[in-house]
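Asks: As they're listed, the protein sequences go chains A and B.
Okay, so the first sequence: first residue is 1 according to my numbering, each after it adds one.
Okay, so the second sequence: first residue is 1001 according to my numbering, each after it adds one.
No lab work stands behind these hints, which were simulated from the structure alone.
Hints are all accurate, no fakes.
Listing some non-contacts, in silico: residues in chain A with all C-beta distances to chain B over 12 Å:
(1) Tyr101
(2) Gly153
(3) Ala283
Here are the simulated EDC-like cross-link-like pairs (lysine to aspartate or glutamate), alpha carbons at most 16 Å apart as the crow flies:
(4) B/Lys1181 to A/Asp143
(5) A/Lys145 to B/Glu1174
(6) A/Lys145 to B/Asp1159
(7) B/Lys1027 to A/Asp129
Here's a subset of chain A near chain B, in silico, CB distances under 8 Å, partners left out:
(8) Gln124
(9) Leu182
(10) His204
(11) Asn234
(12) Ser240
Bear in mind that the values here come from a model prediction, so they are computed numbers and not experimental data.
Glycine included, every Cβ here is placed at the ideal spot set by N, Cα and C.
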Amino acid sequence: MNRRDFLKTAIAAGVALTIPGSTEGLLGHLDAAEKVDIAVAHGISPQAITKAAIDSLGGIKRFIGKGDIVVVKPNIGWDRMPEYAATTNPEVVSTVVKLCYEVGAKQVKVFDRSVVDPRRCYKQSGIADAAVATGGIVSFIDDRKFREVKLPGIVLKSWPLYTEAMEADKVINIPIAKTHGLSTLTLGMKNWMGIMGGSRGRIHQKIDGSLVDVAMFIKPTLVVLDAVRILTGNGPQGGSLSDVKKLNTVIVGTDQVAVDAYGATLFGLKGADIGYIIAGHKAGLGTMDLSKLKIKRVNI
Amino acid sequence: MTKKIRMVTQGIFLLIFLWLFLQTESKGANDLGYPVKIFLDADPLIFLTTILSSREWYQTFYLAILVIVATVFLGRLFCGWVCPLGTLNNIVGSMKKGHPSTQTANWYRFKYYVLIFLLVSSLFSLQLSGIADPISLLIRSFSLAVYPVVSYATSATFDAIYNTNIPPLVNVSEFTYSILKKIFLPFQQPFYLQSAFVGFLFLLVLGSNLVERRFWCKYLCPLGGLLGILSRYAFLRRSVSEDCNDCGACTHVCQGGATPNQAERWKNTECIYCTDCDDLCPQNAVHFGFMKKQPVVGMDLGKRRVIGSILTGLIAVPLMRITPIARAGVSDPRLIRPPGALEEKEFLRRCIKCSECMKVCITNGLQPTLFEAGIEGIWSPALVPRIGYCEYRCTLCGQVCPTGAIKRLELPEKNKVKIGLAMIDKGRCLPHAHATPCIVCQEVCPTPKKAIWFEETRVKNREGKERVLKLPRVDLELCIGCGLCEAKCPVLGQPAIYVTSVGESRSRDNQLLLS
Chain A
1 MNRRDFLKTA
11 IAAGVALTIP
21 GSTEGLLGHL
31 DAAEKVDIAV
41 AHGISPQAIT
51 KAAIDSLGGI
61 KRFIGKGDIV
71 VVKPNIGWDR
81 MPEYAATTNP
91 EVVSTVVKLC
101 YEVGAKQVKV
111 FDRSVVDPRR
121 CYKQSGIADA
131 AVATGGIVSF
141 IDDRKFREVK
151 LPGIVLKSWP
161 LYTEAMEADK
171 VINIPIAKTH
181 GLSTLTLGMK
191 NWMGIMGGSR
201 GRIHQKIDGS
211 LVDVAMFIKP
221 TLVVLDAVRI
231 LTGNGPQGGS
241 LSDVKKLNTV
251 IVGTDQVAVD
261 AYGATLFGLK
271 GADIGYIIAG
281 HKAGLGTMDL
291 SKLKIKRVNI
Chain B
1001 MTKKIRMVTQ
1011 GIFLLIFLWL
1021 FLQTESKGAN
1031 DLGYPVKIFL
1041 DADPLIFLTT
1051 ILSSREWYQT
1061 FYLAILVIVA
1071 TVFLGRLFCG
1081 WVCPLGTLNN
1091 IVGSMKKGHP
1101 STQTANWYRF
1111 KYYVLIFLLV
1121 SSLFSLQLSG
1131 IADPISLLIR
1141 SFSLAVYPVV
1151 SYATSATFDA
1161 IYNTNIPPLV
1171 NVSEFTYSIL
1181 KKIFLPFQQP
1191 FYLQSAFVGF
1201 LFLLVLGSNL
1211 VERRFWCKYL
1221 CPLGGLLGIL
1231 SRYAFLRRSV
1241 SEDCNDCGAC
1251 THVCQGGATP
1261 NQAERWKNTE
1271 CIYCTDCDDL
1281 CPQNAVHFGF
1291 MKKQPVVGMD
1301 LGKRRVIGSI
1311 LTGLIAVPLM
1321 RITPIARAGV
1331 SDPRLIRPPG
1341 ALEEKEFLRR
1351 CIKCSECMKV
1361 CITNGLQPTL
1371 FEAGIEGIWS
1381 PALVPRIGYC
1391 EYRCTLCGQV
1401 CPTGAIKRLE
1411 LPEKNKVKIG
1421 LAMIDKGRCL
1431 PHAHATPCIV
1441 CQEVCPTPKK
1451 AIWFEETRVK
1461 NREGKERVLK
1471 LPRVDLELCI
1481 GCGLCEAKCP
1491 VLGQPAIYVT
1501 SVGESRSRDN
1511 QLLLS
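Produce the complete structure using the sequences and hints provided.
Replies: Now the structure itself:
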């Protein structure tokens, strides 16, 4: 293939991608007219429910545009296999990557600052392989790419954050719902610890305000909370299948506090039981009052 | 011609060695997938001394026996054609200018004395052969010094370019860097406590080639000595025809110091079949080939010196053992051995300090000791959790250990092995001593039911305001001593939670709990 042929095919492919994409976008806008705040999809296929939940919110087209550089931030914190629910479901991650490319994203990057050995975390969680399979650019954290930034200052005045997350056009947070010793639960907002550099252990001393500071700074385009499996005990690392509960659910929203507040209900708790959700609500990051939100449920 | 084939062969073996060395690193899977310790498996000195000191047949012996048989028939081909340290000596030696001195004619004996010392001491259960074995020495030097140095220098260079922030330059350098990272550089910069020491010794070995080519191989190498003895009656021999006019050219090129200029005094036990003499001979009088019965030149080691080496080997055993540190409770509490390590005495009988386990350790936590385990245990592996913890689902150290000093464990088995126990220093712990929330240790604790749990209490701060605080506690039954809590404890310097060896599964005496 010479260069001209290549260009022709590339343009053709581009057009092919754009046409259905744009009609879907129109439909998406119609859906969006309903003003769904949180979409909760339930079903046995992680791929299908991820797509369905995003579609309920107006489709990926509403959030990702052509040529966007997108960062997808799953939880790849631990050396556990998917069935142990310590890391984000790989199919949910790969589906989001795929959806982004379908609407013309230029690059979809996937990374997380693992707590234990990154090689094992990326591999054993299944996330690296799954994301690469749908075209995701999977990379390990490069220590040189942290930059000290000013934060809102509820607790943290500044902290080194990962430049690739800050410089991306769009950021999609894909946490998994788990228990956590200190913060009771780890959901969306706590997942931002994966783009924090420095000595994260110190965050624990004032965790609620710190998490809100980072969440306010990052402002994700979308939060996709993976509850295909949730970890109900010995979190966030888990390790026992008896602590895992299969919910076959994915929750999607744009309000970080609202999605986390909904996530709390999966464990029989309320947003008001979780310190950082309260702190986020108070700081105006979002609302934890689920009764004021339009929640759309779909079963597949 | 033969010389060229020999050089190509050497190059191939060196490349295989280096490639396997680079593969001694996790890619995130449970197994490495490559026979990374194959050179050690093929090492007859390691093979023999391990059998003697452990009094057990050792599992992966086929290659070592193959080398022994080959040497008996073919002579020290291993030294001249295979040994990667020999090849490196060869390369460095080629930089030496001028003729070899002839003052050192009898020094060749010294390697036999080293060998006798090692064999005798291993017969009495002291395993020191890995300190001087060329393969073990080379892997140790590469793992602990050469590779970290190369990695550090390379990264520092690329970091410097990266920090210039000149876009076209950075793009090119980052691209190059990413390729180097893929094929050659380690996943993360390795750091070792004995790097400078081990590196310095390695420099001495290489540097000695500038005093005399293959100084190490001729005078010091105990494996060379062992293969020399085995090759005494080998069939592959050298002959010199009557065309020889005693020009002496062969003496200057001889890599083994086999005195080739005197055909009848040619020491076949010193010849490593480099065939340089054949290649060079102006008269084309030298030939190598299979020959039957020829007079064998005596090794001329000297009875007294041999007896001296034997006695030294004998005395070394109690000398190294009359230290109190072998007793439970006296031994260094921070001597945390890798999971699967045998009981300390058994462990030391097998560990050859090759540092394969340290090279492969996924967190860099396995570090060479100095004297923590006695002189006998120098450069043996110990976990230093502040540098790196033991990864819960990793079993790589047991996979690469060539002698079974660290048993190969399957994952479920490994997850039960205690390498020590964690204890909390309440005087430094943030919640315990300073009423400050933390419990990072509890968060990271990797056992399925967390060995670190917390107790909730109410405390008053200075202003009299009450708050709920979570105080960490260690469940000694569940703790496996992996040290992840210590590694992540935010109390830097002296950590507020730390692991010591007490409670380690491998020891009968070094226990704490009644059960």
